[in-house]
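Undergrad: Here is how the chains run, residue by residue.
2 protein chains.
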Amino acid sequence: MVAAVVEARSKAGDEAVARAIASIGQKLGDRLTVNATVREQHGNVLTWLPNQPPDAVAFALSTEEVSEIVRICAEHRVPVIPFGTGTSLEGHVNAPHGGVCIDLSRMDAVIAVHPEDLDCTVQPGVTRKRLNEHLRDSGLFFPIDPGADASLGGMAATRASGTNAVRYGTMRDNVISLTAVMADGTVVRTTRRARKTSAGYDLTRLLVGSEGTLGIITELTLKLQGIPPAVAAGVCPFGTVDEACQTVIATIQSGIPVARIELLDEDAIRATNLYSKMDLPERPTLFVEFHGTEAGIAEQVALFGEIAAEYGGGPFSSATRAEDRTRLWQARHDAYWAGRGLRPGAEGLSTDVCVPISRLADCVAETQADIKSLGLVTTIVGHAGDGNFHVLVLVDRDSVSEMAATETFLERLAIRAIDMDGTCTGEHGIGQGKMKYLARELGAGLEVMRSIKRALDPDGILNPGKVVALS
Amino acid sequence: MVAAVVEARSKAGDEAVARAIASIGQKLGDRLTVNATVREQHGNVLTWLPNQPPDAVAFALSTEEVSEIVRICAEHRVPVIPFGTGTSLEGHVNAPHGGVCIDLSRMDAVIAVHPEDLDCTVQPGVTRKRLNEHLRDSGLFFPIDPGADASLGGMAATRASGTNAVRYGTMRDNVISLTAVMADGTVVRTTRRARKTSAGYDLTRLLVGSEGTLGIITELTLKLQGIPPAVAAGVCPFGTVDEACQTVIATIQSGIPVARIELLDEDAIRATNLYSKMDLPERPTLFVEFHGTEAGIAEQVALFGEIAAEYGGGPFSSATRAEDRTRLWQARHDAYWAGRGLRPGAEGLSTDVCVPISRLADCVAETQADIKSLGLVTTIVGHAGDGNFHVLVLVDRDSVSEMAATETFLERLAIRAIDMDGTCTGEHGIGQGKMKYLARELGAGLEVMRSIKRALDPDGILNPGKVVALS
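Chains C and G are the protein sequences, given in the same order.
All you need for my numbering is the position in the first sequence, starting with 1, plus 507.
All you need for my numbering is the position in the second sequence, starting with 1, plus 507.
Chain C extracted, bound-state conformation (with noise of 0.2 Å):
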């Protein structure tokens, strides 16, 4: 059954896609697109994964429209991809066995926010920088920052993270209820809206991450914080990678409660210097970042800086202006168009990696050796307190020598990390683009993945062709 769907589409695919599609038409009016310019903006547009469009896009605006539409498409057993803001790095809206795309960002509103709970529920399609000014007035924030705007729904289903993450975890620890459409149409709610529960299996957890094969989530209940009465932040250079490493293990293991600890290798810096117009020692950089109190930071800062300087970093200089900090945050944020710099008109490739935080020292300094010996140019920054790390390649297109060397690289490092008892992504995803590695890195849990994928999903039509794609 699976196979029918996954295959190279026969005649009598295109005639229950062409079914499909004048179905959801008929309830969808002009929200039903097959033109293809918009087909095109709904597959992969971010990297060199190639662009594999959809065959119709579905703007849905409700719970009850998403559970139509994948009625209908299960019905005629036609892909379903949902779509939130396109901005994922590994083919993850690709639609390489064509099908229905469900855009879900006209599904935008925040439902409720209770502060008194710390919790809001929101439609899918609500961005993270759309909710945190929803909640301006309110004393409160959502924590979660991947690089892009993303969408919350696409931030679940990736099972997103970003700066903040050392000290408020990732969107598996931010995510308290989910409602999603699962493959046959039914609409599920996967708890209720207390904080903890034991009551039968973590369905919330087993969709947060599962990319849209699993199920479509069309509704989510976020835990939200406080924001901090006071806030410094400051930059402090080392001499190597490895001393910076250290320091933040250390930093980590005496308690203090960093809200951001970024690395950024000496490439990275000599790109944001050159980006963002800073003048930062070109040398492996720690950005922290505190929240506390007054008195709490002010020990913080403190601290830390004594740990710094014992492992021979320094001099740390904070600030506690939100000007001076946002121009910092900013500069951090803007790394990938910095290293986009270093190389006018040169392709971005943006991979990512996460170790056990002792092993991060180890698996930077081989990454940068192998950059090295294959002659790339490259960025690195990482959410060091999570043992995490992106690469950003610099690579011309054009060059096959270059690609070969890119992808050599890819492989590597995607299997350093896995050998390091890491993984092949702490926050990009599977995708299409790291399918390859999950057998190495998984074992027997994989066909684990794949029980639950049949079970949940029998013909194959929810996201085909990613995570534990069965063909």
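The hints are simulated quantities; they were obtained by calculation from the structure and are not laboratory data.
Any given hint could turn out to be false.
A pair holds if it fits inside one copy or across any two, identical chains being indistinguishable in the list.
[As the list claims (entries may be wrong)] Simulated crosslink set (DSBU-like; lysine-lysine; CA at most 35 Å straight-line): (1) Lys730 <-> Lys943; (2) Lys636 <-> Lys518; (3) Lys730 <-> Lys636; (4) Lys518 <-> Lys730; (5) Lys943 <-> Lys879.
Place chain G on chain C using the hints.
TA: Frame of chain C; chain G shown alone:
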């Protein structure tokens, strides 16, 4: 197939069990027993649910041995029931369809502690207290503290929590990776040791809370915390439960990283005064604890005192001396025995529910009114920061009318919590006792859970008759 296992056992079933026991006995020798006393000790012993002993108890020493036992049981379609310390409260370890209990208590090695990564790997029979004794000189601790000195495997299986969850989360948040034996004997490691990953479905969280119905946990990698440099704890009485709950909400909203915030009602305080020879005013009271630096906790203590006073509470007296704090938390942890002391000779029945924290005061007030109307003797203690509370009902088992009133009470309590968008259990789990509430609480989600159970345990041999039992 499932029906074949879970129906009242046929003669063929008896023969299958006999053959399985013989095969296992060949491998384990005298670590397999059919002794009636041992079998009874491995059924439910802590609550009024009937004791349903297994046919045999196997004391396993390794993952490989658990795998072999499960393979034999799978071949003969004989139930397998994992057992840690037997301290669960909802009949989790009963064997309603007979079968083989695998006692994991002898798998009690701390395999590795990685201080740099703030994690450790343990066998499932290590208890929480044993782990903390092992960690004593490392500056680290494991925070999850259910009442009993439970095994860590059992705590993961039931998604346990305790007084520290408001600060450090539950077992859901503190398990990095699990090794588990699946229904066919396959050994799976759910993920690697990186702090975060986006590589595939979250098998770790799927097994946490699955109560042995999807796999048997044979190894755990757990997050550890740094022991805070300073700790303060104290008690604060209030005029009403509502004032106490408002104080809890305001405390958490204000961003105070409270480590423990426990509610005891008047009856629980009376019981505690009697049992622990304390002299607390017999009023609704919060027991609180703060972790941080000297300066940080001084701020927290002062701020909490102000908030409590604002809602009519106080005086708040706090202690930083270890012996005073120990006495306080010993009294809190003795709440069960203290409660039993209110009515010597009566049975003590403990249940728990969890609601959004904004509904906690309402839920406790309605529950207290119900207790009064039914004429029951109880104590209420709660992990107020999570919206989670326990009721200990002291009941004369020989009184038909009291037993009926207690059953009415338990059912109304679970439904009340569910209808407040909460759950019938925040930390005890479903077991046998709360299966009847799952349909109301989970709706269509229950069928999704059943699909997963069918996919991962098609013959229904793993802890049958619990959680989402298929017949």
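Undergrad: May I ask which of the numbered hints given earlier this structure violates, with the numbers listed in increasing order?
TA: When the structure is compared with the hints, numbers 2 and 4 turn out to be violated.
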